Amino acid sequence: MAVRTLLGLLRPWQQFRTTIITLRGKTLVEHGCARSMSTDTTTDNLTLSLDSKTGIATLEMHRKPVNGLNLEMLTDLNIALEKAENEKSCKGLVLTSGLPKIFSAGLDILEMYQPKPERLAEFWRTLQNMWMRLYGSRLVTIAAIAGHSPAGGCLMAMSCDYRVMATGKYAIGLNETLLGIVAPFWFRDTMVNTIGHRETERALQLGHLYGADEALKVGLVDHLCDQEEVVKAATEEMSRWLKVNAVARQLSKSAMRQATIDKLVVRQEQDIEDFMTFVQRDAVQKALGFYLQSLREKRG
Amino acid sequence: MAVRTLLGLLRPWQQFRTTIITLRGKTLVEHGCARSMSTDTTTDNLTLSLDSKTGIATLEMHRKPVNGLNLEMLTDLNIALEKAENEKSCKGLVLTSGLPKIFSAGLDILEMYQPKPERLAEFWRTLQNMWMRLYGSRLVTIAAIAGHSPAGGCLMAMSCDYRVMATGKYAIGLNETLLGIVAPFWFRDTMVNTIGHRETERALQLGHLYGADEALKVGLVDHLCDQEEVVKAATEEMSRWLKVNAVARQLSKSAMRQATIDKLVVRQEQDIEDFMTFVQRDAVQKALGFYLQSLREKRG
Amino acid sequence: MAVRTLLGLLRPWQQFRTTIITLRGKTLVEHGCARSMSTDTTTDNLTLSLDSKTGIATLEMHRKPVNGLNLEMLTDLNIALEKAENEKSCKGLVLTSGLPKIFSAGLDILEMYQPKPERLAEFWRTLQNMWMRLYGSRLVTIAAIAGHSPAGGCLMAMSCDYRVMATGKYAIGLNETLLGIVAPFWFRDTMVNTIGHRETERALQLGHLYGADEALKVGLVDHLCDQEEVVKAATEEMSRWLKVNAVARQLSKSAMRQATIDKLVVRQEQDIEDFMTFVQRDAVQKALGFYLQSLREKRG
Chain Y
-9 MAVRTLLGLL
1 RPWQQFRTTI
11 ITLRGKTLVE
21 HGCARSMSTD
31 TTTDNLTLSL
41 DSKTGIATLE
51 MHRKPVNGLN
61 LEMLTDLNIA
71 LEKAENEKSC
81 KGLVLTSGLP
91 KIFSAGLDIL
101 EMYQPKPERL
111 AEFWRTLQNM
121 WMRLYGSRLV
131 TIAAIAGHSP
141 AGGCLMAMSC
151 DYRVMATGKY
161 AIGLNETLLG
171 IVAPFWFRDT
181 MVNTIGHRET
191 ERALQLGHLY
201 GADEALKVGL
211 VDHLCDQEEV
221 VKAATEEMSR
231 WLKVNAVARQ
241 LSKSAMRQAT
251 IDKLVVRQEQ
261 DIEDFMTFVQ
271 RDAVQKALGF
281 YLQSLREKRG
Chain B
-9 MAVRTLLGLL
1 RPWQQFRTTI
11 ITLRGKTLVE
21 HGCARSMSTD
31 TTTDNLTLSL
41 DSKTGIATLE
51 MHRKPVNGLN
61 LEMLTDLNIA
71 LEKAENEKSC
81 KGLVLTSGLP
91 KIFSAGLDIL
101 EMYQPKPERL
111 AEFWRTLQNM
121 WMRLYGSRLV
131 TIAAIAGHSP
141 AGGCLMAMSC
151 DYRVMATGKY
161 AIGLNETLLG
171 IVAPFWFRDT
181 MVNTIGHRET
191 ERALQLGHLY
201 GADEALKVGL
211 VDHLCDQEEV
221 VKAATEEMSR
231 WLKVNAVARQ
241 LSKSAMRQAT
251 IDKLVVRQEQ
261 DIEDFMTFVQ
271 RDAVQKALGF
281 YLQSLREKRG
Chain Z
-9 MAVRTLLGLL
1 RPWQQFRTTI
11 ITLRGKTLVE
21 HGCARSMSTD
31 TTTDNLTLSL
41 DSKTGIATLE
51 MHRKPVNGLN
61 LEMLTDLNIA
71 LEKAENEKSC
81 KGLVLTSGLP
91 KIFSAGLDIL
101 EMYQPKPERL
111 AEFWRTLQNM
121 WMRLYGSRLV
131 TIAAIAGHSP
141 AGGCLMAMSC
151 DYRVMATGKY
161 AIGLNETLLG
171 IVAPFWFRDT
181 MVNTIGHRET
191 ERALQLGHLY
201 GADEALKVGL
211 VDHLCDQEEV
221 VKAATEEMSR
231 WLKVNAVARQ
241 LSKSAMRQAT
251 IDKLVVRQEQ
261 DIEDFMTFVQ
271 RDAVQKALGF
281 YLQSLREKRG
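Protein chains in written order, with this note's numbering: chain Y, -9 to 290; chain B, -9 to 290; chain Z, -9 to 290.
You may find that some hints are simply not true.
In this list, chains with the same sequence are indistinguishable; a pair is considered to hold if it fits within one copy or across any two.
BS3-like mimics (lysine-lysine), calculated; alpha carbons at most 27 Å apart, straight line [what the hints assert, rightly or not]:
| # | residue 1 | residue 2 |
| --- | --- | --- |
| 1 | 106 | 43 |
| 2 | 43 | 78 |
| 3 | 207 | 159 |
| 4 | 233 | 78 |
| 5 | 207 | 288 |
| 6 | 159 | 91 |
| 7 | 43 | 81 |
Worth flagging that the hints you see were computed from the coordinates, not collected in a lab.
On a predicted model such as this, the values are computed, not experimentally measured, just so you know.
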């Protein structure tokens, strides 16, 4: 690939103040290009890399210790997703984690505990936008899950088109009730669209975390394989999806998902207010405080 | 438990003219308290008992011969459900039958055959209210089904959060079409929420009664066990649900069910009219007459 | 059966200028009656026959080579469906194919390639009407599928009440995206009603064609049997459905399906316009052209 082509390819991405795009095997040029954006801290949270031969981007999260979704992480995810979305040569995206034993632990509780209202609102809006971007992406999106994936981690996985999970002891599910909080309606809608009404009702009430086998059985994930094979299996599955006419596939996807996204679009501000009111209730703050305390004690 | 506490506990219940609440192991005090309410005939139909240690109430139906839901039975059910709902120490409710081989045979046909219009309307309204109360209950509700559960019996089971059924020869399902009548929309909605659109469509058209294995397979019940273990299994499952933060669990449940309940709320009067018109049609009266005749002949 | 009865039976059908109704074992009289309608070409496309003993009609498609749904075939289907619908003695309909290895290949691509706008609109409207008639039929409808059933063939099968499929190498599914086109919303709705949201989303994006085993597993078909037994198995299943009170069964069916049909009723003209705009796009015409070319080359 000529440097000129590569630069042309990068151009639309440069409007963003953002994460490094690692074009495999073209690191020199890439770092030259990306350096002007490298002052961002986004590289601490994730890496987006595009295989220019296959058109498959890999979005690897690595915010220690558990890929917790705080405002900065969510902002990075939004920028990375928008980059991949706008890059014409990019056709698919594998969403995965670079940390061991965890896909993503979901929302960073610290954003919700004793929050500043302005940041709390911004946090929630950024989460909403991330979900709308991922759930409505024109790309084929496949989650490669080689670790625990509770709450917001489960939401991200469900928002992809296909889910590959490692066999083993990892858990996935919307377990919000266990923390005394309630998943917002668009988490629920996404789960209903994935595993149906009854299973969602049970799962949400119990805050149920599914093991891999159980997740496969109810359709929360689509394929199981060894931990080491998860990204490979995701990429192989992707090749099947990329054979389909892209426009027809995107229109079909949108037809199935847009109504669910539109429900949030028209209620976005109300949903932010609802979330802020709920989180700032004394009982919820107390529950979060206890939870954080128990986490600290666990770590010794 | 001190008598004073117990009285405090009973107080909110005394506003109802109603069923005896049997507080296990506290029969003396209880009967003292309950005596003023014991003129009600409700004890012929059911017993509500609360285990004050676990917070689990058991609602046992025993209206002979088949727990048919007539106006009095439904009224008793409403009062019992409201009591359990209003009793702060009560967290969960196991719904079961004290009669052999039957959970509930559903609506008492005699209420529909050659009915007086006023009672017919009241009958239907009381059924609607019972369903709204049970389906929307703040309590964890588990059906312990150790007998047949057709029609309205199936509706009650489906309105709980979880269903334990005895292995064996019992049947469960909405079999209204077999009698020439049609399940109202909120029966259908409850079934769609439980087993999905396609399975409901097939089941309703055929008036299909599921055996236990088949019911488990399509998700109409959640767990099978020996007949003698049904209440025990329900109580064990309950303990799992009671570990979850109650407010978060209730909000999650409500989020999944309120829209379905609201559909009836806004159409309640129309639904009563529709039912009355339908039931009083000549063809339906004739079908019910034949059915009652065949029942009488069966019994010899 | 007396000739008089037979004539009475045929009378309501004579308002249609249409397909031959073959009343089994009554061929003389039948041909006498039908002769006035026999100038129609509809016999080239299908045969509708009614077993007057059982009340079960068989609608056998045999438009060579693959039961492609062109305007004439769809018109014949509409007329045949309306006949069966209006014939009081007819209670059920088995939809099947008289051609080997194919149920129906779906829409005839030639109707969409370089179309005349007026015929294109009429083609689409006739397809819409056929679906509304079949999906909303008062009859028990069972698809006997002993061959491939892609796209519109799958739609027809899904619109029946029950699907029997031959074990073997046949495929069924909505594979529109593979041709670069998109299934209209009522195809999607019918599939969601049959196999649920998640499975539909995946199937539509991939244009997935299911083998018989897989189709059974996801609920796209209900029963598998040997190829030679398909019509027999459909008829046997039918007898179970015909035992149910017809009015109650029809009301239950309508209650589950009418909302989906109504969505098309209110958007029918818009849907025709959308289809015409889509099909006449250059990219779609090009894709259809390539596809037709590849078909021609296949045949050598």
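Status of each hint after checking the structure:
In this assembly of identical chains, the alpha carbons of residue 106 and residue 43 never lie at most 27 Å apart, being 45 Å within a copy and 42 Å across copies at closest. With identical chains, the CA atoms of residue 43 and residue 78 are at most 27 Å apart within one copy only, with a shortest distance of 13 Å there and 64 Å across copies. In this assembly of identical chains, residue 207 and residue 159 lie within 27 Å of each other by CA distance both inside one copy and across copies; the values are 16 Å within and 26 Å between. In this assembly of identical chains, residue 233 and residue 78 lie within 27 Å of each other by CA distance solely inside one copy; the values are 16 Å within and 50 Å between copies.
Taking CA atoms no more than 27 Å apart as the test, residue 207 paired with residue 288 passes in neither setting, with 32 Å inside one copy and 40 Å between copies. Proximity of residue 159 to residue 91 under the C-alpha cut-off of 27 Å is restricted to the intra-copy arrangement: shortest distance 9 Å within a copy versus 42 Å between copies. Taking the shortest Cα distances, residue 43 and residue 81 sit within 27 Å of each other inside one copy (11 Å), while across copies they are farther apart (59 Å).
In the structure shown, a violation is registered for the earlier hints numbered 1, 5, in ascending order.
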